[in-house]
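Asker: Residue strings, one per chain:
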Amino acid sequence: MDGEVLVKVERLSKKFCKDLKTSLWYGVKDLIGQVYGNKGNETLRPKEFWALKDINFELRRGECLGLIGHNGAGKSTLLKILNGLINPDLGKVIIRGRVGALIELGAGFNPILTGRENIYNNGAVLGFTRKEIDAKVEDIIDFSEIREFIDMPVQNYSSGMKVRLGFAVAAQMEPDVLIIDEVLAVGDIGFTTKCLNKISELTANCAVIFVSHSMPMVGKICTEAILMNIGVMRAKSNNISDVIQIYFSEFRNAKQQITSFENSTELNNVKLIGDYKEKNIQVSNYLNNIKIHYKFSTLSTSNLYIAFLVFDQNLRSITAINTINDLPILRAADNNVDGVLSFQNNFTAGKYTISLEVYELTPNKKLGKKLIHANHCTEFVSIGVGVTMYCPVIQKGNWTLIKADD
Amino acid sequence: MLDDNHLSIKVYQKQNNSRISKLLGDTLRNLVGSHFLALQLAKRDISAQYRQSYLGMLWLFITPLATAGVWIFLNASGTITLTDTGIPYPVYAFSGTLIWSIIIEAINSPTSATNAARGIISKINFPKEALILSGIYKLCFNSMVKIILLLLFVFAFGVGFHWSLLLFPFTLLIGITVGTAIGLLITPIGLLYSDVSRLLAMGLSLLMYATPVVYVVPKTGILKTIMETNPFTALISTIRATITGQEYEYLAYFMVLGGVCFVLFFVGLVIYRVAIPIIIERLSA
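Line by line, the protein sequences give chains A and B. Quick note, the first sequence lines up with residues 1 to 406 if you use the numbering used here. Quick note, the second sequence lines up with residues 407 to 691 if you use the numbering used here.
Heads up, a few of these hints could be off.
Unchecked claim - Restricting the straight-line Cα-Cα distance to at most 25 Å, the calculated cross-link-like pairs of lysine to aspartate or glutamate (DMTMM-like) are:
(1) A:Lys136 - B:Asp451
(2) A:Lys271 - A:Glu357
(3) A:Lys131 - B:Asp451
(4) B:Lys449 - A:Glu250
(5) B:Lys416 - A:Asp181
(6) B:Lys416 - A:Glu224
(7) A:Lys18 - A:Glu4
(8) A:Lys131 - B:Glu653
(9) A:Lys8 - A:Asp139
Since the hints were derived computationally from the structure, they do not count as laboratory data.
Next comes chain B alone, as it looks inside the complex (with noise of 0.2 Å):
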């Protein structure tokens, strides 16, 4: 809104009767508006990271390296026998354990974000819609490195050039979406209670046996129902499904999942924004 003298005017109040349409239009527009504030957090977080490491990037994809190298070991030793994937098994378990990482890493980057700026976010009046942005920022920088090892290591197992290969930055921003909307629906009330995020590690650390990370689907039973179910499920194995260029088994509950966590991405931003003055009033000492 302008005056006459064309100053913004901003009235602050506790009756919301702005609506929805007036709220996304605001949140995309300080979405678009804060792209350098978000960049420049995102390079901010990134550079201050690696300069005071040696292993600098190891460390993005060592746990899910270490992982993966426990269940080829399992794998190989014949502690366990698995079912077979259909393409070498340790191309298999990297691939699931990494894309795996990503996707967590999606849905805790809203939360991680908010809470990593709770210092400035009860001081300063800024887009908010930027911490958001950095984390998706510093998302893709993360992925992007994790992305180059594992295509190296599909290649060093012989896996070869798939034409789906070209679908993959695709299925992997679809990913991406899913995790981001995921994550930004719960930030409002995980940054009201602890509990939340803690919660969602130990679930999401159960999640990953119903999900085909290290094993495939099994043919029948009560885990093949529940995995089946599991939306984690259509999501790690059509993104792995398109590096490796076997055939899509849930394509459609992919499809149906990405376009309704899109619409959910947008509907949690506006979330976002209308809960931030009330979790700041409720935090702020």
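Okay, chain A solo, but in the shape it has when bound (with noise of 0.2 Å):
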């Protein structure tokens, strides 16, 4: 049945412990405690913290919730939590059906054994029965796509294809709650692409927890979005960018970094202008203009070459604009160059920053000497616009509607 709730977090909190000899001694009074069953307790021990602090929140079947947040925010602790590996001090969890974790692949591999022994240990440690593994051993060869090396010991194996094999045998689990945590992170494309595919398959039927600093996969596969600060909500909501965002607040402004050239040349400024939203952040809404001021003295007395490039949250570059078709023939004046570059906001929902570069053009309009290299002169953050598909850039275009009964 759709729609009936299969995860309910209530007022889950967790202690942890920061010195490890205090931490066992815990352990031991807990393990004592534990077998004439004690209550949990509000309060902190010396040298205790909370892991994770009042979470609250329901899933239902066919929703995916995204959980975001910086390094040692508690997520990893909340998943452990929920798949049973850990119990919670205060609150609790009620989860409904199998639970499937897509965690740690391939565990139970011995890497001397070869691949396909392997399928059998790690599909026993899922919970699979001999006889299940027996019917689907050839699925999961298949689907790894390492059928040639399948009888070699696994030690020889690259990461990616272990990775392969450990996710083929997972991808066989037909659970109720999935949770996914960063797995994805090795493999070639071609199998990313594979297992995305898959998990959307998976999540079609089941209530989907999905851990992920990659914010366009959350974006492309989430429903609902926490964010996690510290053991804390910062925020909930089923408008992902507007978690997104708030995540993407937190960080602190990468450092600039700027590389000059037999010091040919001074940065004074790199700056956006115009209203925004926010004071330390820089929202722009889609198709927005953003404006960039820029300043910089060279000794160079040739044309210049001006680009700046734009990044994604994760330094894949996404765009340039460059002066070499809007403006060819650029000459500083005084030694000085000082100017305004206004382009068109059309990113899909994110952090950009953006690089400068500065070259030396000759007469016959080929790269020179490069001038100057600034890394991370300013940032700003896309509102975006709703699509379907996660793409770095959302294209304006025109719509002509021909009528078919004309």
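Put the two chains together into one complex, using the hints given.
Answerer: Structure below.
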């Protein structure tokens, strides 16, 4: 049945201890206490802190919850509790149905044994019976695309091959609740795509909890997002891009890093200008103009080439805006260049940084000497616009409808 | 628990209000349900162990063989004078060290099986009872190899067949149960503190001298009192007696010990089940 609540988390809290010796001693006390059936305690013992505090949410079949937050926010701890590995200190979790976890791929592998033998090891750990594995082993080998090496010891596999085999086994699960923790980081593009498709197939029929640092992925898969910060829920919304924006605002701006070649050029200023919503974070709406004021001084007397490069938060270059087409003849006046560049924000929701490069331009319009390179000059956050699939740039187009009846 | 749509319901919370009977029921269900996983893990470890070794199974009995060898030499060369054991001394010494090694392995098995699986118990939720069970399976396999060698030894020295030999598997099983029960009860603390396993290793190596492994219980003196109190004396001598056909000196002690440890084994399993989440919490990085 669609829409039934499969995961219910109520006032969930968990304490952790900062000091190992103390932690172990508390462990002994808890062990003894647990045997006598101890109750949750609201107070922290010395050297303890709340790794999770008052987490509440509900998840229905067909929904996908994205858990985001910087390192140490408590995401993995929450997953461990949901997976039943550790118990909460306060509050409770109610889970209906089978739980499948894509947290550790290839658990139970022994490096000396062959891929085929390890399919059985991994399958057994994931809860399959011998019969089930016997029936699925060919599918697993096919899915992993490493049939040629299946009878080779796993220690000779590359890390990508191990992940392939591990995912191929895990993909055979038919869970009601699926927990995914950043497992798709390894593996080549082709396999990642295959995994994503398989996950989409699984998610249609279950409740998914998805932890990732890749915001495009969260934006693509999730129906709801929770932003965690030092153990508490900082934001929770069906509007994923809102949550993602708050997440980005938590990071301090990356430091500018400037490399000037032969001390030929000095950067004076690169700054976004205009009206922005928030103080320390430059937010831009879809199709608004982004204006950059730039100023530098240079000893070079030849024509110059200036390029602004836009990077997303995964440090992929998304686009470049340069003078080669727009302004081929550009020379420093009194050794100074001072100007404003304006371009349209047609980027999808996310945070972008801007870098600047300046080259000399030879008389036949080829790139000459590099003068300066400035990383992270400035940055902005694009609010974006609703799209079904993730893509970095959302193009504006002209649509003309041709009436069929005429 | 099942809901209207026949989905199982799991509740995770601090307060442990399950009754012991329910816990025991869950434990037993898991123990039976995880048979395939346990077997698979045992098979994995055994085959991986031998695939990377030329001497293979020789390693199983090389230590007890060496210990026995030293004592046989000491005795034969007249360096030390040992009380008559009633059977050829090599048989006495070798059966002693082999049975002792099996019991030691049984004690260490729960901790080592859990420790070896540290990487996965903090990431994957599977019935942890399978680890204990796989430890027992491995133990049975290793013991089987040792026993075959022991029987060859016994017949080679002309001790011959006794009807009591038919009881041998049962007494050995009781021995393994006692060892595993002790090991299981130590495991939760042993996983938290590495001191425990070191202390245990040292204690057991000393305890061997207070157990009739390579010499018999003296007729008088303080060591006689210590050895007769030592539960391992009852274990070793009864198990050995079923092989050699000697009389059972500590049969009552042995039976009581077996019964108590049979119960303790299940108590240990329940404690283990309750303890694992706490241990994962304290150890997983």
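Asker: Could you run down the list of hints and mark each one as holding or not?
Answerer: Structure-based check of each hint:
1. Of the supplied pair hints, the one linking Lys136 of chain A and Asp451 of chain B holds, its CA atoms being roughly 23 Å apart against a limit of 25 Å.
2. A distance of roughly 15 Å separates the Cα atoms of Lys271 of chain A and Glu357 of chain A; the hinted pair therefore holds under the 25 Å criterion.
3. For the suggested pair Lys131 of chain A and Asp451 of chain B, the alpha carbons sit about 21 Å apart, so the restraint of at most 25 Å is met.
4. The straight-line distance between the Cα atoms of Lys449 of chain B and Glu250 of chain A is roughly 50 Å, outside the 25 Å bound, and the hint therefore fails.
5. Between Lys416 of chain B and Asp181 of chain A the CA atoms are separated by roughly 21 Å; this keeps the pair inside 25 Å, and the hint holds.
6. For the hint linking Lys416 of chain B to Glu224 of chain A, the alpha-carbon distance of about 23 Å falls within 25 Å, and the restraint holds.
7. Our distance criterion of 25 Å between C-alpha atoms is broken by Lys18 of chain A and Glu4 of chain A, whose separation comes to about 39 Å.
8. For the hint linking Lys131 of chain A to Glu653 of chain B, the alpha-carbon distance of about 49 Å lies beyond 25 Å, and the restraint is violated.
9. The straight-line distance between the Cα atoms of Lys8 of chain A and Asp139 of chain A is roughly 34 Å, outside the 25 Å bound, and the hint therefore fails.
This entry does not satisfy hints 4, 7, 8, 9, going by the numbered hints stated previously.
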